[in-house]
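There are 4 protein chains.
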Amino acid sequence: MAGSTFGKLFQISTWGESHGKALGVVIDGCPAGIPLSEEDIQKDLDKRKPGQSPFSTPRKEPDQVEILSGVFEGKTTGTPISLIVYNTNQRSYDYTEISKSYRPGHADYTYNMKYGFRDYRGGGRSSGRETTARVAAGAIAKKILEEIGVQITTYTLSIGPITVDKTHFDKNEIFSNFLGMPDPIAAKKAADFLMEQKEKKDSTGGVIECIVNGLPAGVGEPVFEKLDAMLAKALFSIGAVKGVEFGAGFSAATMSGSQNNDFLRSNTEGKVEKLTNYAGGIIGGISDGFPIECRVAFKPTPSIGMIQKTISTEGENIDLQVEGRHDPIIVPRAVIVVEAMVAITLVDYLFQGILSRMDRIKQVFTNNEKKL
Amino acid sequence: MAGSTFGKLFQISTWGESHGKALGVVIDGCPAGIPLSEEDIQKDLDKRKPGQSPFSTPRKEPDQVEILSGVFEGKTTGTPISLIVYNTNQRSYDYTEISKSYRPGHADYTYNMKYGFRDYRGGGRSSGRETTARVAAGAIAKKILEEIGVQITTYTLSIGPITVDKTHFDKNEIFSNFLGMPDPIAAKKAADFLMEQKEKKDSTGGVIECIVNGLPAGVGEPVFEKLDAMLAKALFSIGAVKGVEFGAGFSAATMSGSQNNDFLRSNTEGKVEKLTNYAGGIIGGISDGFPIECRVAFKPTPSIGMIQKTISTEGENIDLQVEGRHDPIIVPRAVIVVEAMVAITLVDYLFQGILSRMDRIKQVFTNNEKKL
Amino acid sequence: MAGSTFGKLFQISTWGESHGKALGVVIDGCPAGIPLSEEDIQKDLDKRKPGQSPFSTPRKEPDQVEILSGVFEGKTTGTPISLIVYNTNQRSYDYTEISKSYRPGHADYTYNMKYGFRDYRGGGRSSGRETTARVAAGAIAKKILEEIGVQITTYTLSIGPITVDKTHFDKNEIFSNFLGMPDPIAAKKAADFLMEQKEKKDSTGGVIECIVNGLPAGVGEPVFEKLDAMLAKALFSIGAVKGVEFGAGFSAATMSGSQNNDFLRSNTEGKVEKLTNYAGGIIGGISDGFPIECRVAFKPTPSIGMIQKTISTEGENIDLQVEGRHDPIIVPRAVIVVEAMVAITLVDYLFQGILSRMDRIKQVFTNNEKKL
Amino acid sequence: MAGSTFGKLFQISTWGESHGKALGVVIDGCPAGIPLSEEDIQKDLDKRKPGQSPFSTPRKEPDQVEILSGVFEGKTTGTPISLIVYNTNQRSYDYTEISKSYRPGHADYTYNMKYGFRDYRGGGRSSGRETTARVAAGAIAKKILEEIGVQITTYTLSIGPITVDKTHFDKNEIFSNFLGMPDPIAAKKAADFLMEQKEKKDSTGGVIECIVNGLPAGVGEPVFEKLDAMLAKALFSIGAVKGVEFGAGFSAATMSGSQNNDFLRSNTEGKVEKLTNYAGGIIGGISDGFPIECRVAFKPTPSIGMIQKTISTEGENIDLQVEGRHDPIIVPRAVIVVEAMVAITLVDYLFQGILSRMDRIKQVFTNNEKKL
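Residue numbers (this note's numbering), protein chains in the order written: chain Z, 1363 to 1734; chain R, 1363 to 1734; chain P, 1363 to 1734; chain S, 1363 to 1734.
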């Protein structure tokens, strides 16, 4: 069970290795009638593309997406949408050394233990390159969310010790600086910090925050399929993620109930409001109609230029120095990946939610005589 | 899609409301031939049972489990095991007021938005009482893990501001103090703190830690079904959980790569060792053979005796005081619930892992001629 | 993977053995707001109940259903509905002989090969008694279909060599004669034939036909999840079924295309009509708005009073005579089981169908502001 | 839910339209370590390829398969195998007329009802061309079955009124005559019959039979996931299938129990034998170790050259004559498709079966220390 499929009703299946011929994704369960072009998808892929900043790997890949099926006359047909991105930057390279050792912090050892061997040319399926397919699928999910009026805002909250000051929050900054930070001052500091790490041939971690607006109340399923549970799974499925929290998150553990409970109020127009949002927009696994707030902690890039201790595949203790220029941070390029995974999850749950009540189900049938 | 089923191969489906006739679980996919009695399950249920400490709700429920199917002559048959626990503590009670308002911090509002109405006699499916069924299923999962040599240790790491001092770690303390803390000194401080909160009619949150030993390397599936991703889903599916982290967790975000990478070494006996375990036993979503370490943050009990602001189901602003004695902390009774969810997830993944390699699959067939 | 769950969105999980404490089913994914009582379910269970005719097993079971969860104030809550039926007719009985041999035509041998042992007191999960749970779940599915305007008519088409003459078709006959035949003349002949078989301590097979009216066009999913494919799975999951066909069925194999193609026409009111229905209401796996027609072939009851050759569990050749009175035909009691499986499948597919088009999905959101 | 995924553990997802850029399949859950080349797959694709006989559509497609992922150094890696076949035979063509009418016997009408529009250039996902992807996946499934010692034999049993005489059975004939018939005399008659149909611009149906040898006893899951139930679903998922039966099939309905029950015997070497195989190798949904036997009825090709009555998409009554040369029979090219679907299903069930017993599960762990 290779585990490359995500979602129940809006289902994506990704395939491809970092150093294989191509990567791709099949999206099954996308409703018919949505306008869709390659440009809609390329827009998001370009945000993830390598080689765009001094802090991202210099591997140049155009990452050009091609729609192979599921779209006819510019609209989705309701059948599987197959997307492909060719790997064009495959140089001949001597993998002899890499093939014989386990890089620290990488999945080399665990893949070998599981499968008995591995595609040593890169991370294979554990490579960050695999997220290309997620971003492509996410772009389609975001098109669906737009039609329903749901917006997602995702950004770098912190890099190493430098955190965004929310009083400086500027949404337009997010995709205009190299680091995805909505605060130009923090971005400048973080860039300096990253330069230092890079010079030391070291790397650093960071935190991404994601806010969802416009999601109706009532989305999410009880017990095991809670909305936050599935979002957490989606986010932890991104390589390098070590922590996920919603609303008050870990700080809720030190709060008192009287602080942490969000009080509901009716405003003067009779609309429901909340005085706080420590719940992060989800209670009992179901959305409450207020913004979803979550944070995702990423570990530092494991590929660093420093000499590291490890073992060879034969079990000998060795010193390993991985050549090449390394990306000192994963976070900025992961912003659009986090957004994609949140979008894909939300579409799946919005579809599930439609089926919660008999009155809504009857609505669909009443309006469509003699055919579904 | 009500979401009450968990697991792919070892699959549990829970049912029942806090104030209904009974609660139960159907376990489908339990292999044949495992010795199983009601006592095996009761042992764990007794750890979750209410009314055992000054800090747990005084509702007295014997929570007696009954095996209805799937066991014959003391062994599992390979077919569904149905377990039932009757709700015996259902007093007549006037629910008029509760039925007309949304309790802050509870899922009352979100369930109403989703389903159009709700079982107002308690939390329904969002009640902590639902976890009875998980604990029952978890006891069976733990029996399977025992046969394979996997052990889980779960405990309260912190309550409000008081955290366990690991230099005092004593495993025997966990189920001997009321709070599930493996450190008697911290437990004493936490008890005092809780007494204060209780007197203020307030509550507090806390953190549970879970350590898994003996899990082989190679367990977990790539990409979306990473072992940590599924454990996170399992843990976030427990009501009141707001954060989950593995290994270094959120602190990895401020570490450098050279710190965070765990170095592999061969020891003098040729066995693989790791110098650190910041990965928490999982890399690339696959176990590395070292202890799995995760932490789970719980919010404070939302039911508190203080007067709180909220709205009625008619949308009027009201002040609500929920009567009765309230449990000032969720964490101690949740320890066995966390353990159950981890156990259930691990069994499912151990089973999936068997199918990763053709040589292992052939092994099974070779050893069993003319029949599977 | 014990395989006791059916359905994707409207999902049922059955449990229980023929000679265990009880049988039951958990229905997950039933929308909220449907009026439901135990009587609604009992009505169908009474049609399957043993001991009602000279041709059904004399085992007397009241088969009284109890709703344990998922219904509040007379309406479904949207959370799992747990139903239980206790086995009350468990006499002490000497199973020594049965436990040591494999009954021909029964699953004794295959269960032993699979699980290493079996519950020898009856068929365990392979017993026809397991269908009690399906009928209970089917009653709920039929309530949902009623709300949407779908009707199912199911009846015995043939018993051994005697087939219903459709020119005598009388729907009221179906549940008024013992045999479920909509033709009183055929029913009389079949009863005589069965009496003969019974006297010979032998049994016979038969065919059940099922017609669905009122199903909208557009229900069913392409490729692997075709509506007929899933109905076939549902029907073959009933023990003793050996063949399933839709519309022209096996006879289509000898027809020419010009005969077999159903021609579409607009009638004078502009409504679409079909001149024939050889497709049985399904083309490309999707309903065409005309009646679904399928036929299901049942093998003879394997339990017969005659002496039969078989082997013991030790592998010795033996002659076996199974004592007790035996039911000479499965078909009449299976009519309501076939209907249940068709109903359960249709509900699942109607729910899936809602998600085929973006315009329908938007409809649901547009009509429900600020909440799902 | 577009329904293009099949299987639980060995899972295939197909995509692509008959007149799109390409068709493909992603195989997820294929164990690591199986030698696999494009030739292994091409071999089966060549059996399905059009333009090879006077009775198959003259559309010339090389149907060249390309492996895009999941294979490294000639062996499967355990991660998704992505296969692609480009559509090369796309001429410019005037689809105006076809786009405005519903072809009788095709899914044009039902797809339009479901999705609101359709890819009118061909059958889209309902085209027989979709089965290319199944055959490619089936070739991989068959490689796995070979390793375990399971063989599948599939052939044309009848074409229109002409049926194979089993006393002439010659396995080598199957892929040497154009019709997949294991009897050269029947094949000659069938060819003459088809020529007549072709001259009349008409078509005919037929039956395919599939025999599985070497499958161990104990494969299949109880209740809803019976082996025959899933095989039936797999077979009915092939377009144009109208009936499926196992063993005695529909004829079981007219047999007596004493005839239909297969008697078990121990032979002189102590091996279990069956005196008959009316069960077709499956009892209670579980294989009994004897050959699986099933038959699949196909309707005639719906595309015929004769003038047919139908309606336009605007609802007008029209006469339609579909130009071009038409294939007078589906059956011969469907032989390898039936075999593929059976193989895919069996692999999935063999994998599931491994998990039936704790002793087998422990075997895997015992033999693999410190790692899975």
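Derived from the structure by calculation, the hints contain no laboratory data. It cannot be assumed that every hint is accurate.
The list cannot tell twin chains apart, which means a pair is met if one copy fits it or any two copies do.
Quick list of in silico lysine-lysine cross-link-like pairs, PhoX-like style, CA-CA up to 25 Å [claimed, not checked]:
{"id": "1", "residue 1": "Lys-1405", "residue 2": "Lys-1383"}
{"id": "2", "residue 1": "Lys-1370", "residue 2": "Lys-1724"}
{"id": "3", "residue 1": "Lys-1437", "residue 2": "Lys-1636"}
{"id": "4", "residue 1": "Lys-1550", "residue 2": "Lys-1437"}
{"id": "5", "residue 1": "Lys-1370", "residue 2": "Lys-1636"}
{"id": "6", "residue 1": "Lys-1724", "residue 2": "Lys-1563"}
{"id": "7", "residue 1": "Lys-1551", "residue 2": "Lys-1409"}
{"id": "8", "residue 1": "Lys-1370", "residue 2": "Lys-1528"}
{"id": "9", "residue 1": "Lys-1636", "residue 2": "Lys-1409"}
{"id": "10", "residue 1": "Lys-1533", "residue 2": "Lys-1636"}
{"id": "11", "residue 1": "Lys-1383", "residue 2": "Lys-1437"}
{"id": "12", "residue 1": "Lys-1551", "residue 2": "Lys-1505"}
{"id": "13", "residue 1": "Lys-1671", "residue 2": "Lys-1550"}
{"id": "14", "residue 1": "Lys-1370", "residue 2": "Lys-1633"}
{"id": "15", "residue 1": "Lys-1562", "residue 2": "Lys-1528"}
{"id": "16", "residue 1": "Lys-1422", "residue 2": "Lys-1533"}
{"id": "17", "residue 1": "Lys-1422", "residue 2": "Lys-1409"}
{"id": "18", "residue 1": "Lys-1437", "residue 2": "Lys-1551"}
{"id": "19", "residue 1": "Lys-1671", "residue 2": "Lys-1528"}
{"id": "20", "residue 1": "Lys-1562", "residue 2": "Lys-1633"}
{"id": "21", "residue 1": "Lys-1405", "residue 2": "Lys-1533"}
{"id": "22", "residue 1": "Lys-1409", "residue 2": "Lys-1562"}
{"id": "23", "residue 1": "Lys-1550", "residue 2": "Lys-1724"}
{"id": "24", "residue 1": "Lys-1437", "residue 2": "Lys-1633"}
{"id": "25", "residue 1": "Lys-1405", "residue 2": "Lys-1551"}
Tested hints:
1. Taking the shortest Cα distances, Lys-1405 and Lys-1383 sit within 25 Å of each other both inside one copy (22 Å) and across copies (22 Å).
2. For a Cα distance limit of 25 Å, the shortest separation of Lys-1370 from Lys-1724 qualifies both inside one copy, at 22 Å, and across copies, at 19 Å.
3. For a Cα distance limit of 25 Å, the shortest separation of Lys-1437 from Lys-1636 qualifies neither inside one copy, at 39 Å, nor across copies, at 30 Å.
4. Taking the closest pair of Cα atoms, Lys-1550 and Lys-1437 never come within 25 Å of each other, the shortest separation being 42 Å inside a single copy and 48 Å across copies.
5. Taking the shortest alpha-carbon separations for Lys-1370 and Lys-1636, neither the intra-copy value of 31 Å nor the inter-copy value of 36 Å comes in at or below 25 Å.
6. In this assembly of identical chains, Lys-1724 and Lys-1563 lie within 25 Å of each other by CA distance neither inside one copy nor across copies; the values are 62 Å within and 46 Å between.
7. In this homomeric assembly, Lys-1551 and Lys-1409 come within 25 Å of each other (Cα to Cα) only inside a single copy, at 22 Å, whereas the closest approach across copies is 50 Å.
8. With identical chains, the CA atoms of Lys-1370 and Lys-1528 are never at most 25 Å apart, being 36 Å at best within one copy and 42 Å at best between copies.
9. Taking the shortest Cα distances, Lys-1636 and Lys-1409 never come within 25 Å of each other, neither inside one copy (34 Å) nor across copies (36 Å).
10. Proximity of Lys-1533 to Lys-1636 under the C-alpha cut-off of 25 Å is restricted to the intra-copy arrangement: shortest distance 23 Å within a copy versus 42 Å between copies.
11. In this assembly of identical chains, Lys-1383 and Lys-1437 lie within 25 Å of each other by CA distance solely across copies; the values are 16 Å between and 28 Å within a copy.
12. Taking CA atoms no more than 25 Å apart as the test, Lys-1551 paired with Lys-1505 passes in neither setting, with 34 Å inside one copy and 53 Å between copies.
13. With identical chains, the CA atoms of Lys-1671 and Lys-1550 are never at most 25 Å apart, being 33 Å at best within one copy and 43 Å at best between copies.
14. When the C-alpha separation of Lys-1370 and Lys-1633 is checked against a cutoff of 25 Å, the pair qualifies neither within a copy, at 33 Å, nor between copies, at 36 Å.
15. Taking the closest pair of Cα atoms, Lys-1562 and Lys-1528 never come within 25 Å of each other, the shortest separation being 30 Å inside a single copy and 34 Å across copies.
16. Taking CA atoms no more than 25 Å apart as the test, Lys-1422 paired with Lys-1533 passes in neither setting, with 28 Å inside one copy and 53 Å between copies.
17. Proximity of Lys-1422 to Lys-1409 under the C-alpha cut-off of 25 Å is restricted to the intra-copy arrangement: shortest distance 14 Å within a copy versus 42 Å between copies.
18. In this homomeric assembly, Lys-1437 and Lys-1551 never come within 25 Å of each other (Cα to Cα): the closest approach is 45 Å inside a single copy and 48 Å across copies.
19. When the C-alpha separation of Lys-1671 and Lys-1528 is checked against a cutoff of 25 Å, the pair qualifies neither within a copy, at 40 Å, nor between copies, at 28 Å.
20. In this homomeric assembly, Lys-1562 and Lys-1633 never come within 25 Å of each other (Cα to Cα): the closest approach is 55 Å inside a single copy and 32 Å across copies.
21. In this assembly of identical chains, the alpha carbons of Lys-1405 and Lys-1533 lie at most 25 Å apart only when taken from the same copy (18 Å versus 54 Å across copies).
22. Within a single copy, Lys-1409 and Lys-1562 get their C-alpha atoms no closer than 27 Å, and across copies no closer than 51 Å, so neither meets the 25 Å cut-off.
23. For the identical chains of this complex, Lys-1550 and Lys-1724 are neighbours neither inside a copy (55 Å) nor across copies (43 Å), given an alpha-carbon limit of 25 Å.
24. For the homomeric pair Lys-1437 and Lys-1633, neither the shortest alpha-carbon distance inside one copy (37 Å) nor that between copies (28 Å) is at most 25 Å.
25. For the identical chains of this complex, Lys-1405 and Lys-1551 are neighbours neither inside a copy (28 Å) nor across copies (55 Å), given an alpha-carbon limit of 25 Å.
Taken one by one, the earlier hints fail for this structure at numbers 3, 4, 5, 6, 8, 9, 12, 13, 14, 15, 16, 18, 19, 20, 22, 23, 24, 25, listed in ascending order.
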